[in-house]
Amino acid sequence: MGKYLSGRHKLYHGVAVISVLASFTCAGSASAQDTQAEADDAIVVTGTRIKRDGFNEPTPATVIGGDLMENLGQVNISEALSLIPQQSNFQSDAVSGITAGANVGASYANLRGLNPSNGTRTLTLVNSRRFIPTSDGGAIDLNVIPSAMIQRVETVTGGASAAYGSDAIAGVVNILLETRFEGIKAQIDYGETFRGDGGSIHASLIGGTSFAGGRGHITVGGEYQRNDGIGDCAKVREWCAESWDIFTNANNVLRGGGASGYNIPGSPGYGLPHYVIGPDSKQANNDPRGVVRDRAPAAQAARNKRFTDDGMSVVDYDPGRFLNSFQFGSRQGGDGASTYDDSDIQTPLERWVGYLYGEYDLTDNIQVQTELTYADRSASNTSYVVGPRSTFFVNNDNPFIPDDLRALLNGTNFSLGKDLDYILTSVNQADAQVFRGLLGFSGGLFGDWTWDAYYQYGHNSRHQERSNNRVNSAFQFALEVVDEGEFTSGVPNGNYVCKELLRPDPSPIAEGCQPMNLFGLNQVDAEALAYVYRDVQEDFEYTQQVLSGAVQGTLFDGWGAGPISAAAGVDYRSEGGDVTHGDIPFYNDYAFTFGLDYSGDITVLEGFSELNVPVFADAAFGDLFELNGAVRYTRNHATNNDTDEEKTSEAVSWKISGIYDITDGIRLRGSRSRDIRAAGFRELFLRNVPTEEGSTSGIVENPWLPGTPPIGDDPTPILNGGSFALNPEKADTTTAGIVLQPSFIPGLRLSADWYQIDVKDAVSTLSGNRVVEFCDQFDLFCDRITFAPGSDRMDITFIDARQVNLASLNLRGFDFEAAYTMRLADIDAGWNGALNARLLVNRQYDFVVQASPDADPIDYAGQSGPVADGGDFNPSPPWILNAFLSYDNDNFNATLSWRHLSQGIYRVDRIGPEDEGYDPTVMNSISTNRVDAASYFGLAASYRIPVGKSDSQYIELFGSITNIFDTKPPIAPGGGGGGGSNYPTNPVYFDTFGSRYRAGVRFRY
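With my numbering applied, the sequence shown covers 4 to 1008.
It should be emphasised that the hints constitute simulated quantities derived from the structure, not laboratory data. Don't be surprised by glycine CBs; every beta carbon is placed ideally from N, CA and C. One should not assume that every hint holds.
DSSO-like mimics (lysine-lysine), calculated; alpha carbons at most 30 Å apart, straight line [as the list claims (entries may be wrong)]:
hint: 1; residue 1: Lys650; residue 2: Lys763
hint: 2; residue 1: Lys650; residue 2: Lys733
hint: 3; residue 1: Lys238; residue 2: Lys971
hint: 4; residue 1: Lys763; residue 2: Lys733
The calculated label-pair distances, taken between Cβ atoms and stated as ranges, are [to be verified]:
hint: 5; residue 1: Trp757; residue 2: Pro860; range: 18 to 28 Å
hint: 6; residue 1: Asn730; residue 2: Leu442; range: 31 to 41 Å
hint: 7; residue 1: Asn894; residue 2: Leu743; range: 42 to 52 Å
hint: 8; residue 1: Asn399; residue 2: Val494; range: 16 to 26 Å
hint: 9; residue 1: Asn894; residue 2: Tyr193; range: 49 to 59 Å
hint: 10; residue 1: Asp312; residue 2: Arg796; range: 46 to 56 Å
hint: 11; residue 1: Asp231; residue 2: Asn525; range: 23 to 33 Å
hint: 12; residue 1: Leu442; residue 2: Ser953; range: 51 to 61 Å
hint: 13; residue 1: Asn525; residue 2: Asp918; range: 49 to 59 Å
hint: 14; residue 1: Asn525; residue 2: Gly414; range: 28 to 38 Å
hint: 15; residue 1: Gly920; residue 2: Pro860; range: 39 to 49 Å
hint: 16; residue 1: Asp918; residue 2: Tyr460; range: 47 to 57 Å
hint: 17; residue 1: Asp859; residue 2: Asp626; range: 44 to 54 Å
Work the whole structure out from these sequences, hints included.
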């Protein structure tokens, strides 16, 4: 092959170059051929652009080898990333209840839990190059990358923007695929839970060969996977059927003061804290037949009455306890269905992925490479059918109201609770097709200087939709039914119509309105449901083009410590997308909406350089001291195709790092970097359109209204969406660590690294209520609110809630890693095989978030209860440990795995009996503020049957069991306490599937 092939493209099968421990050994043996390849050739390690040996990399990194994935029976890249304790699985097929609305089934890399809900602060690379984004937030769905072709996954958990550009604030996940595979390899396997659900079939085929006398090589592979998913949480898992939730005890709390439930002797919550965690959570005053949940004083006799099946009368309804005065929120006990009905545990998913890599030596000095990737993935899950909300009222002259209820209402309107899942099903569907093609060249210049250049084209086409979605205003109009004759002339004529249609100037949303009778079972007409519930969709077309060139080599030999080497290059990237929604009318008045149409283009021009300087070597005061510095200039130009706005931003990222070998086996290392994340496609271009005229979607709580509690304001137009005023986020990252390889314990490697990530100007998503809250409490964003003249803030007429650079985040912690390899023959010559042990640990002790410069900082470190802030960041339990112990003996391998998550805090803004200063009468008191620890064990084994003369010709049988002891997840509900999760636990970290197996066969020849 070409002598001058760029090191960025030299990928050796099975070489686990682990920067943390200077080429850490994975749990699994490496062949002699792999070891020789590592010794003979330097490679490019993720985090630097200079070709060097992995032993000299100063930035903390972790590698998960393809052999470890095979040993554990893993068939998806997201599973591999879960082996890294720094990964937070906020977006994956296992958290469908959190992210049911958009990007269903997608799995994203999310180091340190820093990803915003619609973006990424972790840069995902494939073969050290950018990949086409699969979401409008810039993230890459790991499902479109062939896991069967993975050689290794390198994860850099320090900032890497100077090496790779924007998005690398939390780090880089570099997925390195097989490019020089020889022979044929096939695999088919199947897995499911021991409860018989979650079935998953997977198959892959890889082939590769050299040609033209060794001048060329081609590798082709394909993969298919189908997951059947795991359905309704409350119906398929006993821990979910228990329906643990957080209940608000202060039923009568008033804004600005007033009596609370725990202060009223004889009340259901007397003596209990403000928040109570307990079982038997029920949906808020909800029933398929309909229930009256009004709080109007004149209608108290009608409160908690349920309609009969025929809707012609009402009977008593048991509301349980802890139901708030608004008749909303979780409640304990009573009639009705579990809070967790319609929360799928796992999203059904189907994916096809094809990959081709080819290379050919045009001359002894120039090589051409090509890559092609095509993926097709489809996922869907079910959602709760949204019924009436608190601001939807049934008019007291509604002719469908039964006589006994009318007598109890005393002429007042009332709000209705109604579970519509018995007649409607809401399905979230997401389909995507991804193509990526690359043409590259590399070669030699002079001396050891090499060059490489490539052009890359990528296109992503995504379609997502949600069926049976409530049109807010249409629902209210269909609920306001009158007798036409009685309304117009005072004489009933039996013609029931929507009241809005009889007004002098009806809302355009009322066109086609059909009267809706929600009292009882099956009383509502299909035409009325079709008017109120409609499908919404979104199509996302995105194109990326990349042109990149780089050179690298030795500047001069230095002064005896080693050669001084450098790398430099230029990257150009053009990205553009269109988001459309099928011209659906009144699109922004739906209970759930993907947003409005928008379109934009982004071009990025970058120049980078890197210098590596060995300062001294083999000196009296140390074996080696080496410094590395890198700088990158980035120029972003964005064009909004809807408004013709243009904006240019510039940023400089840099990094300084070093290693100091005090003696053989003791290394100190450290780094300091400035990293950036430019505003993404969605953050820049999401349409700035206020809520519809006549819509009921814009209601916000107005704290300046008189009375306690204040009531909802009139419908208020709220401007949401992206903003061209956004600037790049900035992060300063510092790491300092030590690597030990004690000579007196051969095969042992240890490392410990301290890290700090300080993010400034983080992009924040606002809501109308949040803008009002900031103005009321911090006198911030008041200029974003328009009040009616002379109203003294009591009439809000407009709110600007577009995204803004506002928050800051500061993370600190430690990463630990240990590996030990021992040949059993070293203990006893008669023993065969080897033991490989590996331990990965993350200890996070600071996760400080400041929502605005005027807000008090909150330290979320150790919170493992509800997902924080709607998913804009995800703190973790204080300690996360992943450990592996593997035994290899010729053709047999067995691997034991252990994942442990330490006890955590339920919510850092709550005070429980375990906390100092606990007082059950304070507003943030809670019955318990701890989340139990959890440990999960797995066991996998494989056996190879040789079928040829070579070790690479075999049939391999394999099987694995995950969560052997069927450990149920700890109680950590994310419901009424404002957590944002639809489970009684936190599925980001805790296993909700239960004990499961996978078994299959591999063939290689």
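* Just tell me: holds or violated, for the beta carbon distance of Asn894 and Tyr193 against 49 to 59 Å? => Violated, since Asn894 and Tyr193 (Cβ atoms, about 23 Å apart) do not stay within the stated range.
* Asked: That 23 to 33 Å hint for Asp231 and Asn525 (C-beta), does it hold up?
  -> holds (31 Å)
* Asked: Is Lys650 close enough to Lys763, meaning Cα to Cα at most 30 Å?
  -> Given pair Lys650, Lys763 holds - Cα atoms ~21 Å apart, limit 30 Å.
* Evaluate the given range 46 to 56 Å for the C-beta pair formed by Asp312 and Arg796. => holds (48 Å)
* For Asn525 and Gly414, compare the CB-CB distance with the range 28 to 38 Å and indicate the outcome. => For Asn525 and Gly414 the Cβ distance comes to about 29 Å; the hint holds.
* Measuring from beta carbon to beta carbon, are Asn894 and Leu743 in 42 to 52 Å? -> violated (34 Å)
* **Agreement of Lys650 and Lys733 with the hint, judged by alpha carbon distance not exceeding 30 Å** => holds (18 Å)
* Does the Cβ-Cβ separation between Leu442 and Ser953 fall within 51 to 61 Å? -> violated (33 Å)
* Pairwise hint evaluation, Lys971 against Lys238, where the allowed Cα distance is 30 Å at most -> holds (15 Å)
* Cβ separation of Asn730 and Leu442, checked against the hinted range 31 to 41 Å -> Given a distance of about 35 Å, which is inside 31 to 41 Å, the answer is holds.
* To do: Kindly confirm whether 39 to 49 Å is satisfied by the beta carbon distance between Gly920 and Pro860.
  => Taking Cβ atoms as reference, Gly920 and Pro860 lie about 19 Å apart, which means the hint is violated.
* Asked: At the C-beta level, are Asp918 and Tyr460 separated by a distance inside 47 to 57 Å?
  -> holds (55 Å)
Hint check: violations occur at hints 7, 9, 12 and 15; the rest are consistent with the structure.
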